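Peer 1: In order, the protein sequences belong to chains A and B. So the first sequence is residues 42 to 433, counted in the numbering used here. So the second sequence is residues 42 to 433, counted in the numbering used here.
Treat the hints as calculated values from the structure; they're not laboratory data. Nothing here was measured: the structure is a model prediction, and the numbers come from that model. Cβ coordinates follow ideal geometry from the N, Cα and C atoms, glycine included. Be a bit skeptical, because a hint or two may be false.
As the list claims (entries may be wrong) - When the alpha-carbon atoms are kept at most 30 Å apart in a straight line, the in silico DSS-like pairs for lysine-lysine are as follows:
1. B:K68 x A:K212
2. B:K65 x A:K43
3. A:K111 x A:K166
Said to hold, decoys possible - Covered stretches of chain A (in silico footprint by chain B; criterion: 3 or more residues with CB under 8 Å from a CB of chain B, positions within the stretch not fixed):
4. 50-62
5. 240-251
6. 263-271
7. 279-293
2 protein chains.
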Amino acid sequence: MKSFDFYAPTYFVFGRGRENDTGKYIKKFGGSRVMIVYGGQSAKRSGLLDRIYNSLKESGLYATELGGVKPNPRSGLVYEGIELARNEKIDFILAVGGGSVIDTAKAIAMGTVYDGDFWDFYSGKVPDSALPVGTVLTIAASGSEGSPDSIITNEKTLEKTAAEADCIRPKFSVMNPELTESLSPYQTACGVTDIISHAFERYFTNTPDVETTDRLLEGIVLAMLHEGRRVMEDPSNYEARANIMWAGMVCHNDIMGADRQQDWNSHHLEHVLSALYDCTHGAGLAVIMPAWMDYCVEHSDGLRFAQMATRIFGCQMDYNDPKRTARAGVEAFRNFLKSIGMPLSFEEIGASANDIDKLVEMNNIGEGKTGGFVALDKAAIKEIYEIAANIR
Amino acid sequence: MKSFDFYAPTYFVFGRGRENDTGKYIKKFGGSRVMIVYGGQSAKRSGLLDRIYNSLKESGLYATELGGVKPNPRSGLVYEGIELARNEKIDFILAVGGGSVIDTAKAIAMGTVYDGDFWDFYSGKVPDSALPVGTVLTIAASGSEGSPDSIITNEKTLEKTAAEADCIRPKFSVMNPELTESLSPYQTACGVTDIISHAFERYFTNTPDVETTDRLLEGIVLAMLHEGRRVMEDPSNYEARANIMWAGMVCHNDIMGADRQQDWNSHHLEHVLSALYDCTHGAGLAVIMPAWMDYCVEHSDGLRFAQMATRIFGCQMDYNDPKRTARAGVEAFRNFLKSIGMPLSFEEIGASANDIDKLVEMNNIGEGKTGGFVALDKAAIKEIYEIAANIR
Chain A
42 MKSFDFYAPT YFVFGRGREN DTGKYIKKFG GSRVMIVYGG QSAKRSGLLD RIYNSLKESG
102 LYATELGGVK PNPRSGLVYE GIELARNEKI DFILAVGGGS VIDTAKAIAM GTVYDGDFWD
162 FYSGKVPDSA LPVGTVLTIA ASGSEGSPDS IITNEKTLEK TAAEADCIRP KFSVMNPELT
222 ESLSPYQTAC GVTDIISHAF ERYFTNTPDV ETTDRLLEGI VLAMLHEGRR VMEDPSNYEA
282 RANIMWAGMV CHNDIMGADR QQDWNSHHLE HVLSALYDCT HGAGLAVIMP AWMDYCVEHS
342 DGLRFAQMAT RIFGCQMDYN DPKRTARAGV EAFRNFLKSI GMPLSFEEIG ASANDIDKLV
402 EMNNIGEGKT GGFVALDKAA IKEIYEIAAN IR
Chain B
42 MKSFDFYAPT YFVFGRGREN DTGKYIKKFG GSRVMIVYGG QSAKRSGLLD RIYNSLKESG
102 LYATELGGVK PNPRSGLVYE GIELARNEKI DFILAVGGGS VIDTAKAIAM GTVYDGDFWD
162 FYSGKVPDSA LPVGTVLTIA ASGSEGSPDS IITNEKTLEK TAAEADCIRP KFSVMNPELT
222 ESLSPYQTAC GVTDIISHAF ERYFTNTPDV ETTDRLLEGI VLAMLHEGRR VMEDPSNYEA
282 RANIMWAGMV CHNDIMGADR QQDWNSHHLE HVLSALYDCT HGAGLAVIMP AWMDYCVEHS
342 DGLRFAQMAT RIFGCQMDYN DPKRTARAGV EAFRNFLKSI GMPLSFEEIG ASANDIDKLV
402 EMNNIGEGKT GGFVALDKAA IKEIYEIAAN IR
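The whole structure should be built from the sequences, with the hints applied where relevant.
Peer 2: Here it is in structure tokens:
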């Protein structure tokens, strides 16, 4: 185990109807002039925004709003939000939505109190402070409701990069699983895939002796295999959605990852896909992560994958040939993804093998290497995209 | 899943030598006049207290101390600590020790800022405020370093009861696994047993549809079976101790229990044992918890125990007779406890079958019932003590 600091002071409010107390929690955490950030029309049509406005009104809070956040959220709206927040003297940002909305809210929160260009924080600078952020979560996927991370796409350069800082951990997050019931089965499955990927990005590590967090990460994936299938069978199953929603937070607030070096190469390779093709992040991960596993099984001793195969997917260990077991584990993972309707190939997400050289360049690693578990150079990244492009 | 609030804002500082930064963290959380609470002479002899004093001095903090906390900590020392804290105008309590020391520190923290008798908080009253508490953990067991709980024994009445409040969650906890290396194998095994019991008190629940946290709790126990055996084979194994230490916190800060009704009857029945015989809490649990399981297997459908047996202890499921599987699971649990040197019988902890009526009365439940998973009346409690008394 590595030495580490861990601090996750978000107040979680979990259960049916809890969004009706949103105003109370904004007040508890010192907000008085609130900007509500949200995505498309569904938050309006469903009546959710009205309920939030009522709750804020009951608590005597001023509110303005910024709608229009899109998946793979763009820098343009962040600049707009920063200007609005300054003009309106906003002191609290409330995100009502999923990861894209929350990440946009976090970017506005940092940018509003910063003299320079907020993009600095997505280019390596760490912010000292930010406006407080709260969330009302409507998609279980990103874990952004409990994390110190935000990912934004620069629409000029198509760079999709992350900022990370304790000051953007949400002060509170309202988690009502009912709010995810309006998602399509495809969006729901993309969320489950994202949650599993957050476990696996931590699970594949070279840090030795991390049995406690290994077992916890395996627990998250095992639960998602069960609840993922259950929610696809019955999209109105509150309990399945509740288990998925809590898992998404626990898995990504880093209580089961702080003790280890983490990989995140699947995310890096996927961010380029969704930046170029605007595919859903979870769908891109379903294509890239198993291809990354195929590559890493062959370029490592394979034992971490054999552990995944036996402990998570119930494969038999082949002690004469652990890589056989490892490959069976990757196959079982692909079969699960397929069973919940996820794409596995370039073709299914509208990506093209002709773009591979461009995709490789967009990873922007020069002649260096990236990642922790198996370090990848440009040739390795190209090979992984080719594996994904050749899946039929 | 139940609706719930979850808020665990403790800052964790994990790794070798991290106690040397204690002063820095006290300052970060606003302390200037510090009372160091500790147990016996080992903290002095080992040089740990000197290192802490140096760290506080480097940060320019005033410090006084209160030593002498004993296992199963008593109310008398709490009164002494409250008086000292008031006289010295203490604004921060630093616990250097295990659960008994931390729980004493929490009691002093509540009592110092309260007009009445601190014991009110152990009789059902919830405190509004407390002095801030920090910890330097030296025993992995109680989880008190990340929990809102404190357990104290009233030395007049021998009542051993708990207080629970968010205001006594530690502001920070320093967790250096090296500090646990001076513990005897017996004390180490008692800690592992306590951690497993904190998982099982949550695991055995009637709340349906808690697959995510079930899998996480199973993960904790699986890791403790592995690391518990490993640390007994080699008490100087830092990595095993690190895994045990982090598990003890994660398991008890309630991130994997907030969504469910919990039982805690094994703890209730054990508190009476350790109040009467002053046995180590973990040892009392090793005797009581399997006896409680024996009883509950027969007084439930047994399926939760069959789940434990198959998922944790690798038993085969007998679909014709699930209770057979359940019993095999309890047997496997006893075998594990025995393998790490834990007692299983009344005899081994100096308890006597002749005291059973007294023990039952000390549970103080009148004609009512206690507990969540299988509610116990006096006759049931008597039966469980008898099971434990008859183990040879």
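Peer 1: Against this structure, judge whether each hint is valid.
Peer 2: Verification of the supplied hints:
1. B:K68 x A:K212: holds (22 Å)
2. B:K65 x A:K43: holds (21 Å)
3. A:K111 x A:K166: holds (25 Å)
4. 50-62: Our answer is that it holds, as 9 residues pass the Cβ test (under 8 Å) against chain B, meeting three.
5. 240-251: With 3 residues close enough to chain B, the hint holds.
6. 263-271: Satisfied; 4 residues make the cut.
7. 279-293: It holds, with 8 qualifying residues against the three required.
Of the numbered hints listed earlier, not one is contradicted by the structure.
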